[in-house]
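Protein chains in written order, with numbering that gives the first Met the number 0: chain A, 0 to 283; chain S, 0 to 275.
Simulated DEER-style distance windows between Cβ atoms: (1) S:Ile-81 <-> A:Asp-178: 44 to 50 Å; (2) A:Leu-48 <-> S:Leu-13: 55 to 61 Å; (3) A:Phe-242 <-> S:Leu-110: 27 to 33 Å.
Far from chain A, some chain S residues (derived; all Cβ distances over 10 Å): (4) Ala-2; (5) Ser-38; (6) Leu-74; (7) Gly-139; (8) Ser-166; (9) Asp-170; (10) Tyr-187; (11) Ile-195.
Worth flagging that the hints you see were computed from the coordinates, not collected in a lab. For glycine and all other residues, C-beta sits at the position ideal for the given N, C-alpha and C.
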Amino acid sequence: MTLKKWLLVLALLAPGLGLIVGLIGVAVYIAVAQSFGYYNLSGESGFSLDFWSDMLARKVFNRAVVYSIYVGVISSVLAVMLAYPLAIWLRKPFPGSLTIGAILKAPLLVHGLVAAFLFINVIAYHGILNQFMQGLGIWDAPKRLQNDRAAIGVIILQVWKQMPFALLLLTGAVQSISDDVLNAARDLGAGGFARFRKVIAPLTVSAMQAALIIIFIGALADFSFQVIAGPTNRQSLSQLMVFFKSGGRWNDAAVVGVSLMIIAILGSGLLAAVTRMTMRGRLA
Amino acid sequence: MIAAHRFNQILLALLLGLTAVWLVVPFTMAILWSLVDPSEPWTADRLVPPVMSFYRWQDMWENSSLKVALVNSYLLAPSAAIAALMLSMPTAFALGRIRFPGREVAKILALLPLIVPPFVTSIFFTSLLYQLGLNTWRFGAILFAHAIVFMPYAIRIMTVSFEQVRSDHIDAARDLGASPWARWKVAYLPALKPGIFASLLIVFIQSIEEFAIAFIVGSPDFTTIPTLLYGTLGQDFVRPNAAVLSLILVVPNVLLMLILERLLKSANPALSSGKG
Chain A
0 MTLKKWLLVL ALLAPGLGLI VGLIGVAVYI AVAQSFGYYN LSGESGFSLD FWSDMLARKV
60 FNRAVVYSIY VGVISSVLAV MLAYPLAIWL RKPFPGSLTI GAILKAPLLV HGLVAAFLFI
120 NVIAYHGILN QFMQGLGIWD APKRLQNDRA AIGVIILQVW KQMPFALLLL TGAVQSISDD
180 VLNAARDLGA GGFARFRKVI APLTVSAMQA ALIIIFIGAL ADFSFQVIAG PTNRQSLSQL
240 MVFFKSGGRW NDAAVVGVSL MIIAILGSGL LAAVTRMTMR GRLA
Chain S
0 MIAAHRFNQI LLALLLGLTA VWLVVPFTMA ILWSLVDPSE PWTADRLVPP VMSFYRWQDM
60 WENSSLKVAL VNSYLLAPSA AIAALMLSMP TAFALGRIRF PGREVAKILA LLPLIVPPFV
120 TSIFFTSLLY QLGLNTWRFG AILFAHAIVF MPYAIRIMTV SFEQVRSDHI DAARDLGASP
180 WARWKVAYLP ALKPGIFASL LIVFIQSIEE FAIAFIVGSP DFTTIPTLLY GTLGQDFVRP
240 NAAVLSLILV VPNVLLMLIL ERLLKSANPA LSSGKG
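Extracted from the complex, chain A is given alone in its bound form (with noise of 0.2 Å):
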C-alpha cells in the first residue's frame, strides 16, 4: 500500500471508526482517570490510591459485586440452556414454525422498562397471578413477589428478554450442522441427548460462547430491571455508580465503572474459557 491511499484509508475512517474509538476510548480513559483521582471536579486532582483502598473496603460495594455477578451468571447460564432445545427444535422448518420463532423473539421489540412494567402488573400484590393462584386454592393469601430478595424477579425478566437473542445466535449454528453427522451419530447408536451432547454443542460452540457472554455482560450491567422489580436490599453495580455519580462523587462513580468493566471482560473470558474445556472433555 503506497502512503496516499494509508491516507485516504485513514481520512474515511475519521469520521465513523474514529469518533467511537475517540468517545469510547476517551469515556474509559476519563473513568480509570477518575478512578486514581484525576479529572477531580471537586477538589484537588492528583495520583491518589485512596478511591480504591475506600471502595473495597465497603461492605455495599462488595455486596454489590457478588450480586451483578450472580445475575449475570444465572440469567446468561438459563437463556442459553432454555435456547438450547428450542434452536434445536426449530432447526428444520415445520408447519408453524415461523409463527414460533417469531412469537419467541418478541420480546427482542419490547423495550425493557415496559417489560418490568408489564412484570410487575403480573406479579402485583392484587396482580393476575395472585387472584389466579387463589383461585385454585394453590395459595390461601396474596404474597408479596414484588422486589423478592433472590432476586428472581429480575432473572425472569433478563430471561425472557435475552432468551430470544441467545435463540438467534444458536438456531443459525444448529442450522448450519449437516443432517450427514446427525445420521451418523444416530446409526452409531447416540440416543437424544448423547447427540446433544458429544455432536451438537460441541459442533455450536463458538454460538454458545458469543451468546453467554453478551448475555452475561448486559445482565451484570443491568440498572432498569433492578430498580424496578430488584430485591431492595441490594444493588447493582450500575446502580450504584449511578448513585454516587447523582451525589456528585464521580472519583467513587468511577472505581465502581471500572470494576464493572474488569469484571466483565473476566467473566467473559472465563466463561468462555469454561465452556470450551466442558467442550474439550466431551470431545475426548
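Chain S: place on chain A using the hints.
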C-alpha cells in the same frame, strides 16, 4: 414420522399456550390498566375495570411532560439516525471496498460501543462534558452520543451494502463516460438503498428506546419517553399512567421493527441492482 408429526403438534399447542400467557396476558393487563377511569378504582375482586374510559390517556396528554418527551424523542431519533448514517458512510466504504491491512481489526473495533456497559459510557461521557463545560446543551450532547453509540449498526449494514455494489456496474458507468456523481447515482445508490433504509430505521429505533444516556446526560430537565416512563415507575408510581406510557413506547417500535425485517429481507444485491 407420524409420531414425530403428532409430537410437533402437541409441542406447538403447548408453546402457543405458553406464549399467549407470556405475551397476551401482560399486554392485555397493560391495556386494561390504561383504561381505568379514576371515578371508580379497579379492585382485586373484579376481572375487568368497573368503569373504562380514555381519561388517563387524555390526562397524560394534557397534564404531564408527555408532549415534550414525545417531541424530544421523535426529534432526537431521526437526527441521530441521519447523523449516524452520514458518519458511517466513509468508514463503511473503506471497510467494504478497499483492501487494507488491519481491516478485520477495524471491523471489530467498530463494535466497541456495544461491548462497553451503557452506564459507563454515559456517566463518563457526562464527566467529559463537565470538564469541557459543554453540559448545558443537553439535546446536542445526547444527539452526539446516540449517533456514535449506535453507529456500529450503520457501519455493519452499510459495509455489507458497499461490498454488494458490483464492480462491473461501476466500470460500465465509467466506460460510458459517467461523471463521479452519475456513477454514484447509477452504480452505487441502487445497491445501497435497502442498507440505507435499514440503517436509518435501526438507529431510529435504538435511539427512541435508549435510556442510559438520555437519563444520565439529560437529567434532570431533559425528558424522553423512556426517561419519563422510568420516572413514572419510580417514586410516583401510578399504574394507569405507567400503562399509558408503556403502550406509547412499545407500539410504534413493533410496527417499525416489522418494516425493518421486510427491508433486511429485501436487501438482496440481485434485486436491488436490477440484475442477477
